[in-house]
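Undergrad: So you can see what is in the structure, the chains are spelled out below.
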Amino acid sequence: MSASLRLTLALAVSCAVGFISLSLEIVWFSAFSFAAESRAGMFGFALGAFLFGIGGGAWLGFRQCSRKNTEPFLFIAAVLMIAAAVNFLGIPVISKIAVLADGILVQFGNSRMLNTAVFLVFQLGSMFLVAFFLGGVLPVLCEGGFGDRDGNADGLVGQFTSWVYAANILGATTGPLLTGFVLMSRYSLDQMLLAASTALLVLGLAVLLAAPSRPRQKIGGVVVTALLAAGMGFGYPVLYGGQTLERIHFKNAFRPDTRFKHKVHNRSGIVAVQADPRGDIIYGHGIYDGRFNLDPIIDSNGITRAYAFATMHRNPKDILEIGLSGGSWARVVLDYPKVKSMTVVEINPGYFEVIKNYPENATILNDPRATFHIDDGRRWLNRNPDRKFDFILINTTFHWRENITNLLSEEFLRLGQAHLNPGGVMYWNTTDSKDVIFTASKVFEYVVRFAGFVAGSDSPFDMTIAEKRQALLSYRNNGKPVFRPEDEKSREVLERLSNHPFVNVRDEFLAGGHRLITDDSMASEFKRPWWY
Amino acid sequence: MTKMSKPLSSRWLVWLFFLSGMAAIIYQIAWQRVLFTSFGVNIESVTIIVSVFMFGLGVGSLLGGQLSKKYFDTLPHIFLILEIVIGAFGLISMPLIKWVTLGTLHMPLLVLPLVIFGILAVPTMAMGATLPILVAYLHRKTHLVGQSVSTLYSMNTLGSALSCFLTVIVLFRFLNLSTTILFAALINFTVGYLVFRYMRELKKAGAAP
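So the protein sequences, as listed, match chains E and Y.
Be aware that the first sequence starts at 1, since it is given in the numbering used here, and climbs by one per residue.
Be aware that the second sequence starts at 1, since it is given in the numbering used here, and climbs by one per residue.
Some clues are possibly wrong.
What the hints assert, rightly or not - Across the chosen pairs, the derived CB separations fall in these ranges: (1) Y:P95 x E:K480: 49 to 59 Å; (2) Y:V122 x E:R383: 19 to 29 Å; (3) Y:R200 x E:N266: 31 to 41 Å; (4) Y:M107 x E:N477: 42 to 52 Å; (5) Y:P95 x E:T258: 46 to 56 Å; (6) E:F234 x Y:I119: 46 to 56 Å; (7) Y:W99 x E:P485: 52 to 62 Å; (8) E:K480 x Y:I119: 53 to 63 Å.
What the hints assert, rightly or not - Footprint (simulated), chain E over chain Y, 3 or more residues, beta carbon under 8 Å: (9) 48-61; (10) 131-138; (11) 182-191.
Unchecked claim - Cut-off 25 Å, straight-line C-alpha distance, at most; resulting in silico cross-link-like pairs (SDA-like, lysine to any residue): (12) Y:K98 x E:W380; (13) E:K338 x E:K442; (14) E:K442 x Y:L102; (15) Y:K98 x E:R414; (16) Y:K98 x E:L415; (17) Y:K98 x Y:I84.
What the hints contain is simulated information worked out from the structure, not anything from laboratory work.
Cβ atoms here follow ideal geometry from the backbone N, Cα and C, with glycine treated the same way.
With these hints in hand, go ahead and build the complete structure from the sequences.
TA: What follows is the structure, encoded as structure tokens:
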């Protein structure tokens, strides 16, 4: 093989491996964070496993480079094919292990928690293995492409390395851009994994055919490639079956007939819906994100917390909701006749697609009082400093999830406070974190609690029981009253909400013992043990 | 010279590159979080940070290749300067990003990502330039390209990998975001200082760096 051909091949393979590696990093991370319920720190774990693989692979390449009698490009073809097989088998095998391990783990207590841990460890292991084989390519390319095994070209070494490295980086830059922005919105996780394995296999075959090798080696390589391709082709419907998301979500509880009712995978994450008689359950990137239910008696989604907003402000005309989810909360707010306008900021357009399957909630999309913005809540507030609201409502996700600091920090609360009209209220989910209430107490004069939620305002919460009751009775859904005093169960809910005492807990929480959540401290995400 | 430079160049410098990789990934994770507060928690932020790191590392690598040819006799000096540049940028990075965010708040949405991209390109290019420079230096000592690349690349990557776990399990738990970035800058300055000592010892021994 001529020197220029070696160099061209080295640059092309380097670029392609960079492209596929970083694309796979995004795909695997998406699957991993979905399986890990987006817990804080999971990005670091996934990146760490991937980099350990790349680093370990480079060490493998180092060993290969010291063997002077082997052809570097043959080694590269082999590791690419192994990476293709590992990538293809990874998630289905992990899923099987999770189910098999269940029988053993159940003897050690919390099976679900242990099973999740085992599942994640194996998933990190798979990421490590894929990266390990891909990581072996770059250093061997430098050796094989350069071809100066006698060390006679000192001055060119740095430059040659930089070319191969830069080609790798070029692929690694375009890979996440194309995969993250385009491919992941169009193709499912199953299809992405299959496509990556196929690409690795094709690349491995191309390198094998271009490498200076004996005919026997080439024939052997083609046979191996054909066998792997056939295995993937026949194995895909059996091992995947379009149920990868279900496998990594339900883990040990996965059964062959387990299927999400709806699922949307886009660049902002994965929205999935599970059928349930008490209101279909919606999951936002692997974690509970509400149910499709408006009935305060069923209350399977704690929807009474949404109805309670009317008991905190006498005249809430302009409302801001950050985070739409299934739209049940927005429907409740719009069912309150005093509401004149509602602004909803949601970062993931996938929720709108899902809501369209639920006619009762989908009415919000055509309600003339509602406007929707697909944006990050914090950025939207920053870019709209003149917009003021009587009520800001956020059904915040769990306080231990990655990047939730952006919606719980002191800085964010002050930003929200600056968007409130006089007497305005900010109301959000603490998910039972006392640090969240403590942080609220640092910002607002009046801080009250309601069923896991906290409300902050610079005016007292002083609606009388009669006023609250009247407010609740005015709710109309589809023209019909939501609360019916003549019905015993409905009356029970009505009285509970009307009689809830809003006690200012600010001084109690300021007394100490809690952590302040700031953008800098990230307290709710990281200031507890990482396994919490 | 043989007695001193061989263990220093093939082991000592390699470990310094391990530390350098640790600092780089701390910056990546920490800057990503800072950008989330500027751009929002979305794929655009992730893309900006991944792209700027890739762009910086790639262009820096090309520049490093040129530098390794031009300053072939003073490669450790170049490495030292690059580490200081990265550390110094780390020190001012958080206030700088916040200042730029405030300054571009009401400009078109595309302006802030472009400005941030331009700013972060400086330290990431410096990071990218370090690999070819050290490869050239080690190759001068060992005459094995693949081994030089593999050793440095694997150590740098393993440092980065270890740093991922260190950042989310230890640093973010016991430090804040700003002090985590300060910690990374201290690593760069430590590496710079150790390279400086290495060069001084070579000079004392009468050997070329």
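Undergrad: If a hint holds in the structure, say so; if it does not, say that too.
TA: Tested hints:
no.	hint	verdict
1	Y:P95 x E:K480: 49 to 59 Å	holds (56 Å)
2	Y:V122 x E:R383: 19 to 29 Å	holds (27 Å)
3	Y:R200 x E:N266: 31 to 41 Å	violated (56 Å)
4	Y:M107 x E:N477: 42 to 52 Å	holds (43 Å)
5	Y:P95 x E:T258: 46 to 56 Å	holds (50 Å)
6	E:F234 x Y:I119: 46 to 56 Å	holds (51 Å)
7	Y:W99 x E:P485: 52 to 62 Å	holds (58 Å)
8	E:K480 x Y:I119: 53 to 63 Å	holds (57 Å)
9	48-61	holds (count 8)
10	131-138	holds (count 5)
11	182-191	violated (count 0)
12	Y:K98 x E:W380	holds (17 Å)
13	E:K338 x E:K442	violated (30 Å)
14	E:K442 x Y:L102	holds (24 Å)
15	Y:K98 x E:R414	holds (17 Å)
16	Y:K98 x E:L415	holds (15 Å)
17	Y:K98 x Y:I84	holds (22 Å)
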